[in-house]
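Colleague: The residues making up each chain are set out below.
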Amino acid sequence: NAGVTQTPKFRVLKTGQSMTLLCAQDMNHEYMYWYRQDPGMGLRLIHYSVGEGTTAKGEVPDGYNVSRLKKQNFLLGLESAAPSQTSVYFCASSYFRWDRVDEQYFGPGTRLTVT
Amino acid sequence: KNQVEQSPQSLIILEGKNCTLQCNYTVSPFSNLRWYKQDTGRGPVSLTIMTFSENTKSNGRYTATLDADTKQSSLHITASQLSDSASYICVVSGGGGSQGNLIFGKGTKLSVKP
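Protein chains in written order, with this note's numbering: chain A, 28 to 142; chain B, 139 to 252.
Don't read these hints as lab results, they were simulated from the structure.
Check the hints yourself; a few may be wrong.
Think about it this way: if two alpha-carbon atoms lie no more than 30 Å apart in a straight line, the pair counts; the simulated DSBU-like pairs of lysine-lysine are [said to hold, decoys possible]:
id, chain 1, residue 1, chain 2, residue 2
1, A, K84, B, K155
2, B, K247, A, K36
3, A, K36, B, K244
4, A, K84, B, K244
5, B, K209, A, K41
6, A, K84, B, K139
Pairwise CB distance ranges, derived in the manner of DEER restraints [stated by the list, open to error]:
id, chain 1, residue 1, chain 2, residue 2, range
7, A, G80, B, H214, 41 to 51 Å
8, B, H214, A, D65, 41 to 51 Å
9, B, D207, A, F123, 22 to 32 Å
Think of the CB as a built atom: it goes at the ideal place given N, C-alpha and C, for glycine as much as any other residue.
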C-alpha cells in the first residue's frame with residue numbers, strides 16, 4: 028500500500044494564479060482532511076470530508092475550495108493564490124471519525140510558495 | 139478557547155539520555171489525546187492515542203501519560219537515539235460535533251546529539 032500520497036511535492040505560484048493539490052489514499056478510508064502548517068504554529072484544518080461526495084469547512088477555509096468526487100481522492104484548490112497561503116499543506120485520512128481511537132495517516136506534504 | 143500548549147519549545151539532549159515532554163490542554167469536550175512524531179520535511183506519524191480512561195500507553199521507547207483531571211499529558215522517551223531527533227506534537231480530539239477538528243500543539247523540537 029502506498030498510504031497517503033500528495034501531488035505535487037513543491038510548487039511556486041505568483042499572486043493571483045490558481046492551482047489544485049491532489050491527495051490520494053489507498054486504504055479505503057472514509058474521512059479525509061487538508062491541513063496547513065506554518066512556522067511557529069500547530070497544524071490547522073482547512074477542509075475535511077466525511078465520505079465520497081461530501082465536504083465541510085474546518086478552522087481556516089477562506090481562499091480554498093475542495094472536492095471529493097471519488098472516495099480515494101481529495102482535491103484542494105486555490106482559485107487566486109495570495110502570499111498568505113505560502114505554507115506546507117498536509118493531507119490526512121482515517122477510517123473512523125476524529126473522536127474515535129483511530130489513527131490519522133498523513134501524506135508527505137506539499138510545500139507551496141506564493142510570490 | 140480550545141488550546142493545546144507544549145513545553146519546552148525545544149530541547150537538546152545527549153544520545154542515550156531520557157527526556158520528558160509536556161502537554162497541557164483546555165479542549166472540551168475531550169475525546170482522545172494523541173502524540174505524533176514529525177521528522178523534518180515529512181508528515182506526522184502517530185505514536186500513541188489515549189482516551190480519558192487510560193493513564194499510560196507505551197510504544198517501544200515512547201511512553202505517554204494522561205491525567206484527564208488536570209488536563210495534562212507527558213511523553214517520556216527512554217534511552218534516546220539520534221533518530222529521535224524530530225518535532226513531537228501533542229494533539230487533542232474534541233467531540234464528534236467539533237467540525238472535524240483535532241487541536242494541534244505547536245510541538246517540541248527535540249535534538250539528540252552524539
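Colleague: Hint by hint, say whether it matches the structure.
Modeller: Going down the list of hints, with the structure as the test:
Under the criterion of a C-alpha separation no larger than 30 Å, the hint pairing A/K84 with B/K155 is inconsistent with the structure, at around 43 Å. The suggested pairing of B/K247 with A/K36 holds, with an alpha-carbon distance near 23 Å, which does not exceed 30 Å. As the CA atoms of A/K36 and B/K244 are separated by approximately 23 Å, the hinted pair is consistent with the 30 Å bound. In summary, the hint linking A/K84 to B/K244 is supported, as the alpha carbons are separated by about 22 Å, within the 30 Å threshold.
Restraint check for B/K209 and A/K41: the C-alpha separation of about 44 Å exceeds 30 Å, so the hint is violated. A threshold of 30 Å between alpha carbons decides the hint, and for A/K84 with B/K139 the separation of about 19 Å falls inside it, so the pair holds. Remark: the range hint 41 to 51 Å for A/G80 to B/H214 is upheld by a beta-carbon distance near 43 Å. Between B/H214 and A/D65, the C-beta spacing of about 29 Å breaks the proposed range 41 to 51 Å.
In this structure the hint that B/D207 and A/F123 lie 22 to 32 Å apart at CB holds, the actual value being about 26 Å.
Consistency note: the structure conflicts with the earlier hints numbered 1, 5, 8.
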